[in-house]
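Participant: One-letter residues, chain by chain:
2 protein chains.
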Amino acid sequence: MQQPVVSYSMPAEEIESVSLPVGWKSYISPEGRKYYVNTSTKETTWERPSTSTTSPKASGSHQHSVNGRQLHGASGHVLEHPDVYLRKTSLSNQSPGSTSPARRQNKEKEIKETKITINCVTFPVSMSAPEQQLLKPSEWSYCDYFWADKRDPQGATVSGFEVLLQKQLKGKQMQKEMAEFIRERIKIEEEYAKNLSKLSMFPMAAQEEGTLGEAWAQLKKSLADEAEVHLKFSSKLQSEVEKPLLTFRGDNFKKDMKKYDHHIADLRKQLVSRYAAVEKARKALADRQKDLEVKTQQLEIKLSNKTEEDIKKARRKSTQAGDDLMRCVDLYNQGQSKWFEEMVTTSLELERLEVERVETIQQLLRQYTTLRHETDMFNQSTMEPVDQLLQSVDPAKDRELWVKEHKTGDLRPVDMDI
Amino acid sequence: MQQPVVSYSMPAEEIESVSLPVGWKSYISPEGRKYYVNTSTKETTWERPSTSTTSPKASGSHQHSVNGRQLHGASGHVLEHPDVYLRKTSLSNQSPGSTSPARRQNKEKEIKETKITINCVTFPVSMSAPEQQLLKPSEWSYCDYFWADKRDPQGATVSGFEVLLQKQLKGKQMQKEMAEFIRERIKIEEEYAKNLSKLSMFPMAAQEEGTLGEAWAQLKKSLADEAEVHLKFSSKLQSEVEKPLLTFRGDNFKKDMKKYDHHIADLRKQLVSRYAAVEKARKALADRQKDLEVKTQQLEIKLSNKTEEDIKKARRKSTQAGDDLMRCVDLYNQGQSKWFEEMVTTSLELERLEVERVETIQQLLRQYTTLRHETDMFNQSTMEPVDQLLQSVDPAKDRELWVKEHKTGDLRPVDMDI
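Just so you know, the sequences run in chain order A and B.
With the numbering used here applied, the first sequence has no gaps in its numbers, which climb one by one up to 418 at the end.
With the numbering used here applied, the second sequence has no gaps in its numbers, which climb one by one up to 418 at the end.
Wrong hints could be hidden among the right ones.
Same chains, same label: a pair holds when it works inside one copy or across any pair of copies.
In silico DSBU-like pairs for lysine-lysine, Cα to Cα no more than 30 angstroms straight-line [unchecked claim]:
(1) LYS198 with LYS236
(2) LYS258 with LYS404
(3) LYS187 with LYS236
(4) LYS295 with LYS280
Quick caveat, the hints were computed from the structure, so don't treat them as lab data.
Given these sequences and hints, build the entire structure.
Facilitator: Structure follows, in structure tokens:
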């Protein structure tokens, strides 16, 4: 009989390091409750040990149930080492087949009232569960809020994990659209630069001379300088904003998402088949138990020629069916635990990716505004030489230059003599 | 016989006010030389009077010639009151007909060697003229440099005044072309604004939520703000630069230029016809003089039966022809003086208009650079709200918002019971 080893310990970084008395370690149960284990005596307790704590509490079942299930050793003690959940499959004590029907009924009732299995995943019914504490309180962490499936607007079932995955894929779409937006801005800037550059070369008033002509020529040239500034802007937009937006999640991103998707989906599928096995085993046990009961009754009223041998056989089969059921439930629980672990790990990874996405985009958009600031400043500076030359405009100087070039004669007319 | 009144005094503002001894006033001759007149004694002198100056210099002809011509009164004195050039048309003294041929010849020689008439305008021959001083020294004034005609590249004759006029008309063309340039800039700005405005409304990444979504939305909006800035720029360019450039010389300007053109041209035309009259009178005089000479010779050798009566008649005709010539020369000189005055006045007006044009354009182009500076500053400010929102981007907050909206369930799965 296999002894499943199931570990519910959280990833190491999730485990708080707290200062405990010597020999004690702390762990988090799947429900999120912290419990303490004495590594030498193997005592387990919910209560934080002080140096005076020696013996485990021996109170009602719930306090010592981890994951809602009582862990009994052969002696009836709570199983001491929580890291390793060894199932002591002692048939006599643990087999559901050996309990009285009444007790069984109670247990089944207990099962019905405290847990519910939806889409092959087993949850506590909220009222009866010991209050689960969030794995990462106050953080609104993905690993705390996406356990259940939901229905989409079309009525199809969507797992919580898929919601998380879709968000990541949408995030990639967002960055692509942002890059498109930047691309459009780049095109606008290039068009603007082209127009300014062309205009700067138009010959309007090219014949203006002197200091005014110089100022005007510089004003026209400043448009070419402005064009240069905008071209530089568009070029940097391309290399420092657009390109990173397009590429900071590489092609591998989608592959990784697919991988996660399939991995988690496979674990769910496995859970489905294991749950089916449990239901099948449960039914088979019920059949065997019914058979045993009938045969026992028949023996009592000497209804048939069934011998004690037959009853023993029926009892054996019943016991086996019980064992099968236990195994199936174990396998199921293992499968669920595995899925649980992968969900926590992977959803935290998606959470990390999302933080990274937001921070990266924030950084790139800041770069955008930085480039815009730069551009406006460079643009301002194109006016400086124009301002200077306008300052120097001098009508008298211009007249001197022009007259020197175009004068026709400075001898003034005189009276004609007779 | 008419007594032409010709005044060569400069416009009042051209006359230097200098501190002179009591009773003296200063004037500028047409050649630009300053001379001084004692308003009580009517003494005239080239030399600046100190309190000791009393009598006019009595030296060679040039020193007392104003406008290169000796002004002799009946007594032979230099004509005292220069403001009014009264020609004392005493026939006996002043008639060229009464001078000896030899003396006449000298005078003609003098005329040939000191003055030259080109296109009906009479100039001193540069070597012999008393050095003309500029009317407005160190100012490169229009009124000093455009007396002569010139030839254009096609070989046609162009007056100096026309050169000045063309400059003004060209100036109007320059301002029109500058306005066109600004119009083109306005169109470019409007195009840019339109493109930015359109892009700002594109739905790229509209689904981004939370603090990142807000920052992104503001970034997109900032393009609309930028568009607004550029529209305002183009609007102000239109009203504060383009429009004034087009309109600061009104339609009247061209009419005024035409008026000046015709006025000055008419005065030149009059000069042409008056010069023709002089030439005609000169020829007539020559004919009459020859006739007299012939008749006198004939009398002396008793060649014909001409009586003294005939000679007296011939002599009278000769004298008349001389008077005619003097009158024609006077009229010509008046015409030239009138043209001279109008040239000075009008060219100074054109000069003033040119200064005004340069200063106005300087002002409007400064307005252009001011608007550009403003625009860059307003543009910078469109980034402020974006920077602020980018500052506030918070992945944790965004996760909280998203998880609250999209979570599927926070109950964690538990082990199934048997």
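Participant: Against each hint, give a clear statement of whether it holds in the structure.
Facilitator: Each hint tested on the structure:
1. LYS198 with LYS236: Result: close both inside a copy and across copies, 22 angstroms intra and 22 angstroms inter.
2. LYS258 with LYS404: between (83 angstroms within a copy, 25 angstroms between copies)
3. LYS187 with LYS236: both (13 angstroms within a copy, 26 angstroms between copies)
4. LYS295 with LYS280: Answer is within: at 23 angstroms inside a copy they meet the 30 angstroms cutoff, but 167 angstroms across does not.
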